[in-house]
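Each chain, letter by letter, is given below.
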Amino acid sequence: MVEFLTQQAQVFLDIFAYLIPALPTTVAITITAYLLAVTLGLLVSLARLSNRRLLRWPAKTYVDVLRGVPLLVQIFFIYFGLGKVLHLGRFSAGVLAVGICYSAYLSEIFRSGIGAIEKGQHEAALSLGMTRFQVLRQVILPQAARIIVPPAANEFIASLKDSSLVSIIGLRELTRAGREYYSQFFVDFQTWLAVGVLYLILTLGLSRIVAWLEKKYRVHGYGVAR
Amino acid sequence: MGSADVENIIDARDVVKSFGNVRALRGVSLTVKRGEVVVIVGPSGSGKSTMLRCLNALERIDEGSVTIDGIPLDADSRHIHRIRTEVGMVFQSFNLFPHLTARKNIMLAPRLVRKKGETEARDEADVLLKKVGLGDKTDVFPGQLSGGQKQRVAIARALAMQPKIMLFDEPTSALDPEMIGEVLAVMKDLAREGMTMVVVSHEMGFAREVADRMLFFDDGRLIEEGPTAQVLDHPRETRTREFFRKVLK
Chain W
1 MVEFLTQQAQ VFLDIFAYLI PALPTTVAIT ITAYLLAVTL GLLVSLARLS
51 NRRLLRWPAK TYVDVLRGVP LLVQIFFIYF GLGKVLHLGR FSAGVLAVGI
101 CYSAYLSEIF RSGIGAIEKG QHEAALSLGM TRFQVLRQVI LPQAARIIVP
151 PAANEFIASL KDSSLVSIIG LRELTRAGRE YYSQFFVDFQ TWLAVGVLYL
201 ILTLGLSRIV AWLEKKYRVH GYGVAR
Chain V
227 MGSADVENII DARDVVKSFG NVRALRGVSL TVKRGEVVVI VGPSGSGKST
277 MLRCLNALER IDEGSVTIDG IPLDADSRHI HRIRTEVGMV FQSFNLFPHL
327 TARKNIMLAP RLVRKKGETE ARDEADVLLK KVGLGDKTDV FPGQLSGGQK
377 QRVAIARALA MQPKIMLFDE PTSALDPEMI GEVLAVMKDL AREGMTMVVV
427 SHEMGFAREV ADRMLFFDDG RLIEEGPTAQ VLDHPRETRT REFFRKVLK
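These protein sequences, in sequence, are chains W and V. For what it's worth, the numbering used here labels the leading residue of the first sequence as 1, then goes sequentially. For what it's worth, the numbering used here labels the leading residue of the second sequence as 227, then goes sequentially.
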């Protein structure tokens, strides 16, 4: 029995030693893709809230298309399709695919958050001579953050999990490292358990950060208890 | 432009404004002299609030012209911006920024638009809060203020831009009766200091006390105007008389 346990412990140590160097790549893909998604998502949400049909219509199409096509297919398209033309590396293609896909989901979250702020807030700020950008930055977004942050943070956690799909184009992140280990040593149960545990540690850690952010972005005088 | 020799600081001509099929303004002309206090009255839906909102381009006019302190309110965004910095507005629903303290509500526009320094803006905000009787509320968030207090902060916020004109859109309509007086008192002070004011309000007592002129709107038209006492006591038009009979009873 003791022999079995020490042997198993050795196997897990071995697996973790193999997997952990791939963790930074998973984290890097997720963070870069998410920053891209936030930037694009904000622009798309503003276009969707615009008075101009010429901005609104393409933005709606963008969201509809990206939400309607599986991320895996988008990754293939960007890496094998666009990537050929634009000479994209695995990392850039992976980040681009996850970032663009998540920008569609985030734009909907931003749109509902910004749209929930009373029109009077806009009008009061404009009547004081503030520019549209100042109104958005100083008046609308700080209030919308209360509504936006929790679901947007959930998308961050989801994008971390979805970054595993990028393993399919051969980028050596956590899931890819798991496949490599498995195909070398054929220990399936322990390998995928270890991969799962590492993802779980990352997502649970993030959930704690999300809870902290939600507290931080509470707005005074609103319904939430102080 | 923007010189003191323009006698009419507000000059609106034949203003037409529609919302879809609804014609809110059907050709309204009005002028306001520097330092004048004008009260606009009329039934709801008569276009009085729309008129006010056309004076700082919160609504774009369909036809006609609006000139504020010599600056034409046209499609030029620089004109719109300059006019908004010189025209303060107070809303029925206060529209304070709920994420900022009273002081920071007041400081925001002077900091961003007038590019004032932190200390200068803060000192001016504190002076304004004292002026509206809320010197002890500097660090309080709007959610913790009463309606009357909110509206007084909103007035201070508009004043912080040192506007040449103040527009009031039914400033006391959302207030409990016991809070109306404190807001009207601040407005009376302003009128006495010589501020040019256009006020949409049903407060006839306030109008009689401080307004130089009263305008009666109905159905998107300016029906009657004249010195306040004259319009109130001897209205010429039947519609004006009917309106006052309903309001004043």
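Treat the hints with care, since some could be wrong.
Coverage of chain V stretches by chain W, computed from C-beta distances (three or more under 8 Å per stretch; other residues unrestricted) [to be verified]:
#	segment
1	311-319
2	322-333
3	412-421
In case anyone wonders, no lab produced these hints; they're calculated from the structure. The C-beta atom is built at its ideal place from N, Cα and C for all residues, glycine as well.
- Item | In rising order, the numbers of the hints this structure does not comply with | Going through the list in order, the structure violates hint 3 alone and respects the others.
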